[in-house]
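The residues making up each chain are set out below.
Number of protein chains: 2
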Amino acid sequence: MQDSFEVSASTGTYAVTVGDQLLADVVREHPNAVYIVDTILEDRLPPEAKRRIRIDALEANKSLEYAPHLISELRKAGADRSTHLVAIGGGIIQDVVTFAASIFMRGLPWTYMPTTLLSMVDSCIGGKSSINAAGYKNLVGNFYPPKKVLVDVSFISTLDAEMIAGGLFEAAKICYASNYQAFLDYLACSPGLKMTDEQAVNVIRHSLLTKKWFIEIDEFDQKERLLLNFGHTFGHALEAATDFGISHGVGVGLGMLVAAQYAKRETELTDAGKDHVAHLIEHVKDMIGPRAERVLQSPAHVDLDLAMEKFEFDKKHKSDSYRIVIPNREGALALVSVSKTPETRRKILGAFSAAFDEISWPYQIPQVVTPA
Amino acid sequence: MQDSFEVSASTGTYAVTVGDQLLADVVREHPNAVYIVDTILEDRLPPEAKRRIRIDALEANKSLEYAPHLISELRKAGADRSTHLVAIGGGIIQDVVTFAASIFMRGLPWTYMPTTLLSMVDSCIGGKSSINAAGYKNLVGNFYPPKKVLVDVSFISTLDAEMIAGGLFEAAKICYASNYQAFLDYLACSPGLKMTDEQAVNVIRHSLLTKKWFIEIDEFDQKERLLLNFGHTFGHALEAATDFGISHGVGVGLGMLVAAQYAKRETELTDAGKDHVAHLIEHVKDMIGPRAERVLQSPAHVDLDLAMEKFEFDKKHKSDSYRIVIPNREGALALVSVSKTPETRRKILGAFSAAFDEISWPYQIPQVVTPA
Ligand SMILES: NC(=O)c1ccc[n+]([C@@H]2O[C@H](COP(=O)([O-])OP(=O)(O)OC[C@H]3O[C@@H](n4cnc5c(N)ncnc54)[C@H](O)[C@@H]3O)[C@@H](O)[C@H]2O)c1
Ligand SMILES: NC(=O)c1ccc[n+]([C@@H]2O[C@H](COP(=O)([O-])OP(=O)(O)OC[C@H]3O[C@@H](n4cnc5c(N)ncnc54)[C@H](O)[C@@H]3O)[C@@H](O)[C@H]2O)c1
Ligand SMILES: [Zn+2]
Ligand SMILES: [Zn+2]
Numbered sequence: 001m002q003d004s005f006e007v008s009a010s011t012g013t014y015a016v017t018v019g020d021q022l023l024a025d026v027v028r029e030h031p032n033a034v035y036i037v038d039t040i041l042e043d044r045l046p047p048e049a050k051r052r053i054r055i056d057a058l059e060a061n062k063s064l065e066y067a068p069h070l071i072s073e074l075r076k077a078g079a080d081r082s083t084h085l086v087a088i089g090g091g092i093i094q095d096v097v098t099f100a101a102s103i104f105m106r107g108l109p110w111t112y113m114p115t116t117l118l119s120m121v122d123s124c125i126g127g128k129s130s131i132n133a134a135g136y137k138n139l140v141g142n143f144y145p146p147k148k149v150l151v152d153v154s155f156i157s158t159l160d161a162e163m164i165a166g167g168l169f170e171a172a173k174i175c176y177a178s179n180y181q182a183f184l185d186y187l188a189c190s191p192g193l194k195m196t197d198e199q200a201v202n203v204i205r206h207s208l209l210t211k212k213w214f215i216e217i218d219e220f221d222q223k224e225r226l227l228l229n230f231g232h233t234f235g236h237a238l239e240a241a242t243d244f245g246i247s248h249g250v251g252v253g254l255g256m257l258v259a260a261q262y263a264k265r266e267t268e269l270t271d272a273g274k275d276h277v278a279h280l281i282e283h284v285k286d287m288i289g290p291r292a293e294r295v296l297q298s299p300a301h302v303d304l305d306l307a308m309e310k311f312e313f314d315k316k317h318k319s320d321s322y323r324i325v326i327p328n329r330e331g332a333l334a335l336v337s338v339s340k341t342p343e344t345r346r347k348i349l350g351a352f353s354a355a356f357d358e359i360s361w362p363y364q365i366p367q368v369v370t371p372a
Numbered sequence: 001m002q003d004s005f006e007v008s009a010s011t012g013t014y015a016v017t018v019g020d021q022l023l024a025d026v027v028r029e030h031p032n033a034v035y036i037v038d039t040i041l042e043d044r045l046p047p048e049a050k051r052r053i054r055i056d057a058l059e060a061n062k063s064l065e066y067a068p069h070l071i072s073e074l075r076k077a078g079a080d081r082s083t084h085l086v087a088i089g090g091g092i093i094q095d096v097v098t099f100a101a102s103i104f105m106r107g108l109p110w111t112y113m114p115t116t117l118l119s120m121v122d123s124c125i126g127g128k129s130s131i132n133a134a135g136y137k138n139l140v141g142n143f144y145p146p147k148k149v150l151v152d153v154s155f156i157s158t159l160d161a162e163m164i165a166g167g168l169f170e171a172a173k174i175c176y177a178s179n180y181q182a183f184l185d186y187l188a189c190s191p192g193l194k195m196t197d198e199q200a201v202n203v204i205r206h207s208l209l210t211k212k213w214f215i216e217i218d219e220f221d222q223k224e225r226l227l228l229n230f231g232h233t234f235g236h237a238l239e240a241a242t243d244f245g246i247s248h249g250v251g252v253g254l255g256m257l258v259a260a261q262y263a264k265r266e267t268e269l270t271d272a273g274k275d276h277v278a279h280l281i282e283h284v285k286d287m288i289g290p291r292a293e294r295v296l297q298s299p300a301h302v303d304l305d306l307a308m309e310k311f312e313f314d315k316k317h318k319s320d321s322y323r324i325v326i327p328n329r330e331g332a333l334a335l336v337s338v339s340k341t342p343e344t345r346r347k348i349l350g351a352f353s354a355a356f357d358e359i360s361w362p363y364q365i366p367q368v369v370t371p372a
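Residue numbers (full-length UniProt numbering), protein chains in the order written: chain V, 1 to 372; chain L, 1 to 372.
Isolated chain V, as found in the complex (with noise of 0.2 angstroms):
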């Protein structure tokens, strides 16, 4: 079961393969490379892979200012010119050896095997890193494509319901991004909490096949991959305003049910823009609503009043306007500015709350909304 295809990006094209007991295969062809692996999947290594750098799977290893230290390790595990470098592991492990790899003597190839189901079906293509720095979060950051990607499913039977429901939320964003119609072809797939092998291989080839489009069509981010950030700025607002007690993937599914809200409230949607909408707040539903609510144990603690502030600092928008992701008139979505004015806090601030009440997940609202 393996299937695979090809990403073209400025610096060459890179293939892409999915299937599942891809490791051995790796340190077979890569004997000598340096293994970098999230330490908790280091015993996944076979005896072979000598050479090793461990990485915990922190916020704060993924900074500019953990780099030197990991150059270090590079240089004494021998690292030169000519040496590939195969990295193990979800999105943080990603964004630091794409960082690493692409300054280290002035770039090494790499081979990156993604273990999360979030980097499984989203970021282990595209070729970004996104690294914080003095203290902000995914502050700068570049683009270094690994030369191969092999994403092992046999990876996914170790993560908790809460990464999966996370990474099909990546998904599901990539998917309603491209049109309504890869939406449903990605239902198809049965993407859910229990997948077998070859329904995960399903659901990551349909999802990574889609995002391909956007990054062969915008490699540098400058129009049709901004869709992409679909629930992300209001997701970084709730993953900020609860100190990151709400994951990523998480905070992308609620992300998405706040834009939905606000396009329900404050856009004019067709009928069947109603209808795409509604299907895919069901499906989220399905996965962190209260029919699903095993997946959250304790669903973290919201204050919305810090997540508007924390949305209203997000590096993305203008100086006079909001920038958001938003479904629009047949459900399709588009970046729009919204004008920075109190009535459109008041009307984000609805969002957040409709949003939180569709999935009866308690939360805090301001006595005041203070207008700035």
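If you are wondering where the hints come from, they were derived from the structure by calculation, not from laboratory data. Treat the hints with caution; some may be incorrect.
Note that the list lumps identical chains together, so a pair holds whenever it fits in one copy or between two copies.
Think about it this way: if two alpha-carbon atoms lie no more than 27 angstroms apart in a straight line, the pair counts; the simulated DSSO-like pairs of lysine-lysine are [what the hints assert, rightly or not]:
| no. | residue 1 | residue 2 |
| --- | --- | --- |
| 1 | LYS50 | LYS347 |
| 2 | LYS76 | LYS194 |
| 3 | LYS347 | LYS285 |
| 4 | LYS147 | LYS223 |
| 5 | LYS316 | LYS76 |
| 6 | LYS223 | LYS148 |
| 7 | LYS310 | LYS137 |
| 8 | LYS315 | LYS147 |
| 9 | LYS76 | LYS274 |
| 10 | LYS76 | LYS147 |
| 11 | LYS274 | LYS264 |
| 12 | LYS316 | LYS147 |
| 13 | LYS285 | LYS148 |
| 14 | LYS50 | LYS318 |
| 15 | LYS50 | LYS316 |
| 16 | LYS194 | LYS223 |
| 17 | LYS50 | LYS194 |
On the provided structure of chain V, position chain L with the ligands as indicated by the hints.
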């Protein structure tokens, strides 16, 4: 007095202008840019350039460890995705800004104004950064050319003789690496410690147009561009062995002398080859030879045993051979591999001492050459 040409890179084409009094124009064109300026040059900035970040041109600041500080300064200056940066300074400022501009929000457009002769004739085009990390000099780096390079020769007036000589050595290196005629054309521009603005413009233009060929044919330093390391492997060893008492540019001049001595003694030069090499040696001696002692008030004390040790650990070597650029047969440069044997080490040490003898620069040689 102004002349422009273009350099093409994978990220687009950028324009290079060589002239004088260009600073006022930049500030007029980019009143809202963030100006990142060598501290000692800040007073040249017109008051209209309001957003400023000063950087001391120190090796310690040209480091991965320093990068978060600059990123935080950019953030404090209010930089966002649409901000233009203008860097004003020598190679250190260029390295630091190339790196920071490439990663801040995944890349900001920037303009570079080189202010040392070295950066004017050489490093300002090519897009490379070299950054110190984890205590290793230039261990990391990347490629991120500015949108525009503006070479304003008015900055030369405050450089001392050593800095002028160092810049000219890089220009001589580029032209000699291209072909003997390019070297003769360079000499015809009257390179010297005292140049009129017009002579300086001619030297710089000729050097940059010659370098343009190398960087366009080999943007990522795979083949032709490697010849521009001429003088650098030996030079770096001398810089390091004197704890940077020998500056980079002077190190390159000395390094070319060492390479020339090695070629004279260990390779089969034709009569023309001997002639070309001798001509290059004369030019270097004109600048730092006994006839020009005022350039170097008190030459650094050199321990050749230490220089050999530093040479040994250069990261460009392979595990079993040294890689050096030397004049060959007709005098043209070649990148050659020489196997690592005690015999080779004795020859290289011999070339080092012959070079220092040539310019009557005192040095210390080990009593016993330790075979490794
Ligand atoms: N650069 C991009 O394009 C991009 C896109 C999305 C997210 N990100 C970043 O990625 C990070 C989130 O990444 P993520 O959620 O993929 O994972 P992660 O790397 O943050 O890991 C999350 C947790 O899962 C563990 N883990 C990883 N694989 C596992 C496995 N197979 N079984 C059990 N546990 C496993 C990790 O140790 C960690 O505790 C964030 O920092 C986010 O900003 C980057
Ligand atoms: N990335 C590349 O392609 C590349 C190429 C060559 C060198 N470099 C790096 O550049 C650095 C050396 O650069 P450099 O020699 O151009 O300069 P520099 O930035 O190191 O500055 C040298 C000194 O000159 C001063 N200075 C700068 N402009 C001046 C002016 N107009 N008048 C008086 N003083 C001035 C500085 O303050 C500093 O004290 C090294 O770190 C080297 O590794 C990089
Ligand atoms: Zn995401
Ligand atoms: Zn140099």
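Cross-check of the supplied hints:
{"no.": "1", "hint": "LYS50 to LYS347", "verdict": "neither (56 angstroms within a copy, 37 angstroms between copies)"}
{"no.": "2", "hint": "LYS76 to LYS194", "verdict": "neither (42 angstroms within a copy, 47 angstroms between copies)"}
{"no.": "3", "hint": "LYS347 to LYS285", "verdict": "within (22 angstroms within a copy, 75 angstroms between copies)"}
{"no.": "4", "hint": "LYS147 to LYS223", "verdict": "both (25 angstroms within a copy, 21 angstroms between copies)"}
{"no.": "5", "hint": "LYS316 to LYS76", "verdict": "between (39 angstroms within a copy, 16 angstroms between copies)"}
{"no.": "6", "hint": "LYS223 to LYS148", "verdict": "both (26 angstroms within a copy, 24 angstroms between copies)"}
{"no.": "7", "hint": "LYS310 to LYS137", "verdict": "within (12 angstroms within a copy, 40 angstroms between copies)"}
{"no.": "8", "hint": "LYS315 to LYS147", "verdict": "between (31 angstroms within a copy, 24 angstroms between copies)"}
{"no.": "9", "hint": "LYS76 to LYS274", "verdict": "neither (57 angstroms within a copy, 43 angstroms between copies)"}
{"no.": "10", "hint": "LYS76 to LYS147", "verdict": "within (23 angstroms within a copy, 36 angstroms between copies)"}
{"no.": "11", "hint": "LYS274 to LYS264", "verdict": "within (7 angstroms within a copy, 82 angstroms between copies)"}
{"no.": "12", "hint": "LYS316 to LYS147", "verdict": "between (30 angstroms within a copy, 23 angstroms between copies)"}
{"no.": "13", "hint": "LYS285 to LYS148", "verdict": "neither (35 angstroms within a copy, 51 angstroms between copies)"}
{"no.": "14", "hint": "LYS50 to LYS318", "verdict": "between (49 angstroms within a copy, 21 angstroms between copies)"}
{"no.": "15", "hint": "LYS50 to LYS316", "verdict": "between (43 angstroms within a copy, 24 angstroms between copies)"}
{"no.": "16", "hint": "LYS194 to LYS223", "verdict": "neither (35 angstroms within a copy, 52 angstroms between copies)"}
{"no.": "17", "hint": "LYS50 to LYS194", "verdict": "neither (34 angstroms within a copy, 58 angstroms between copies)"}
In terms of the numbered hints stated before, the structure departs from hints 1, 2, 9, 13, 16, 17, listed from lowest to highest.
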